[in-house]
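Novice: Sequence:
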Amino acid sequence: MIKESKIYKKLPHGGNIYKIAEITSKSLKEIIDLSSSVNPLPLPKEIIQKIKDLLFLLDKYPDPESLSLKKTISEIYEIPLNTIICGNGSTELIYLTLQAFSFSSVIILEPTFIEYERACKINKISKIKHIFSLNKDKGLSQLENYLKKNFSNVAVFICNPNNPTGWLIEKERLFYLINKYSSVFFLVDEAFIEFGKEHSLIKEATKVKNLIIFRSLTKFYGLAGLRLGYGVSYANNIKILERYKIPWSINSIAQHFGTFILKNKDFFTNSLNFFTKEKQFFENNFRRLKINFFPSITNFYLFYLENGAEFTEYLFKKGILIRNCYNFYGLNENYLRVSIKMRKENEIFFKELENWLKASL
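My numbering puts the last residue of the sequence shown at 372; the count rises by one with no breaks.
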């Protein structure tokens with residue numbers, strides 16, 4: 012039983028099933044985690060077997076260059092090896108970028124992933140400009156108007172598709188800004204780009220000097236526990252990043268897992284088909300319950316609910332974890348994010364939401 016109030020304020024990110032298990036006295040397996048936007052589909056059995064065959068590597072140092080993984084990424088996306096850097100999740104590379112490039116100020120298109128701002132503060136970047144709008148077009152217009160001030164040594168963080176709103180900025184529109192404002196460094200987080208891969212700037216990132224793309228295998232590929240991501244940029248930018256990267260930050264199992272899963276086209280296709288079906292289920296139920304939600308291209312939805320804090324705590328008591336967006340810039344505790352899981356878990360969520368709404372009448 013939860014004895015404390017506002018437990019969600021102890022959870023700055025989604026996915027902390029350990030804290031919920033502790034405060035509810037439930038086992039980890041009993042927790043329904045709808046807060047982390049991680050693919051719930053089981054990994055292919057053949058990949059699991061391949062990993063078991065690699066356990067002999069546990070007493071060996073991992074490849075500090077992640078060469079096999081880099082080669083896989085290079086082959087899949089047809090980009091040069093020297094334009095790729097691998098990291099312990101894309102978050103490591105975000106922090107690394109702000110450490111390696113001494114930006115005088117940073118612009119963040121909000122609301123978005125809270126680690127961008129935290130990484131700025133840790134790297135002593137005091138000038139942070141937040142461009143906030145819950146309307147994508149208005150936000151981009153505000154951003155461009157601000158960029159017209161002719162900045163230098165400035166970086167812009169853009170999450171595309173965006174977390175938590177789920178919107179996608181079209182490739183041509185984003186690359187137009189990158190080309191027009193060549194003195195500004197664009198840091199584009201494509202953690203959810205598998206949901207709109209035709210809009211990725213991964214190839215463009217290898218050819219222009221003011222763009223770094225961050226990619227994650229956490230979300231779509233369901234490898235949150237292994238921590239694996241990579242960055243793509245102009246070769247000289249990658250050289251600079253590598254000077255600051257700590258050695259052996261990616262373990263051997265993660266490197267091989269990444270290689271195997273990226274090559275598995277069936278898993279990719281099956282996942283997209285699964286999410287397409289479940290997204291329809293979510294949207295139908297949101298409309299049925301008259302919930303104000305934001306259209307999303309991704310595997311999560313941002314929605315608004317009066318007394319959202321109380322609903323969050325209500326779910327916690329039942330061992331159900333959603334993401335309260337109280338600490339996203341410009342949002343408050345009535346904005347909630349829920350991620351798509353297996354149908355049984357999704358049904359439980361909507362049943363509890365319906366029960367809550369009826370009890371609130």
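Worth flagging that the hints you see were computed from the coordinates, not collected in a lab.
One or more hints might be untrue.
BS3-like, lysine-lysine: derived pairs with alpha carbons at most 30 Å apart [claimed, not checked]:
1. Lys288 / Lys191
2. Lys274 / Lys301
3. Lys56 / Lys82
4. Lys17 / Lys256
5. Lys140 / Lys191
6. Lys355 / Lys56
7. Lys17 / Lys37
8. Lys63 / Lys147
9. Lys250 / Lys30
10. Lys301 / Lys20
11. Lys214 / Lys140
12. Lys20 / Lys56
13. Lys82 / Lys208
14. Lys276 / Lys132
15. Lys20 / Lys250
16. Lys63 / Lys138
17. Lys82 / Lys71
18. Lys160 / Lys191
19. Lys355 / Lys182
20. Lys290 / Lys250
21. Lys71 / Lys352
22. Lys256 / Lys288
23. Lys140 / Lys288
24. Lys71 / Lys56
25. Lys37 / Lys250
26. Lys362 / Lys30
27. Lys362 / Lys276
28. Lys71 / Lys147
29. Lys61 / Lys135
30. Lys63 / Lys276
Novice: Lys288 and Lys191 were given as a pair; does the straight-line alpha-carbon distance stay at or below 30 Å?
Specialist: violated (39 Å)
Novice: Keeping to a limit of 30 Å between CA atoms, is the pair of Lys140 and Lys288 held or broken?
Specialist: violated (38 Å)
Novice: Given the proposed pairing of Lys274 with Lys301, does the C-alpha separation stay at or below 30 Å?
Specialist: Roughly 41 Å separates the two Cα atoms, so the pair is violated.
Novice: Can you confirm whether the C-alpha distance between Lys17 and Lys256 stays at or below 30 Å?
Specialist: With a Cα-Cα distance of about 38 Å, the restraint between Lys17 and Lys256 is violated, given a limit of 30 Å.
Novice: Between the alpha carbons of Lys71 and Lys56, is the straight-line distance 30 Å or under?
Specialist: Holds, at roughly 25 Å.
Novice: With a cut-off of 30 Å on the C-alpha distance, tell me whether Lys63 and Lys276 pass.
Specialist: Holds - the C-alpha atoms of Lys276 and Lys63 are around 21 Å apart, at most 30 Å.
Novice: Run the distance test for Lys37 versus Lys250: straight-line Cα separation, threshold 30 Å.
Specialist: Violated, at roughly 47 Å.
Novice: Keeping to a limit of 30 Å between CA atoms, is the pair of Lys140 and Lys191 held or broken?
Specialist: holds (20 Å)
Novice: Taking 30 Å as the top limit, are the C-alpha atoms of Lys355 and Lys182 close enough?
Specialist: violated (35 Å)
Novice: Under the criterion that the straight-line Cα-Cα distance not exceed 30 Å, is the pair Lys61, Lys135 satisfied?
Specialist: violated (43 Å)
Novice: For the pair supplied as a hint, Lys256 and Lys288, is the alpha-carbon distance within the 30 Å limit?
Specialist: This hinted pair is violated, its Cα atoms lying about 40 Å apart.
Novice: Taken at face value, is the distance from the CA of Lys352 to the CA of Lys71 at most 30 Å?
Specialist: Distance of about 36 Å is beyond 30 Å: violated.
This entry does not satisfy hints 1, 2, 4, 8, 9, 12, 14, 15, 16, 19, 20, 21, 22, 23, 25, 27, 28, 29, going by the numbered hints stated previously.
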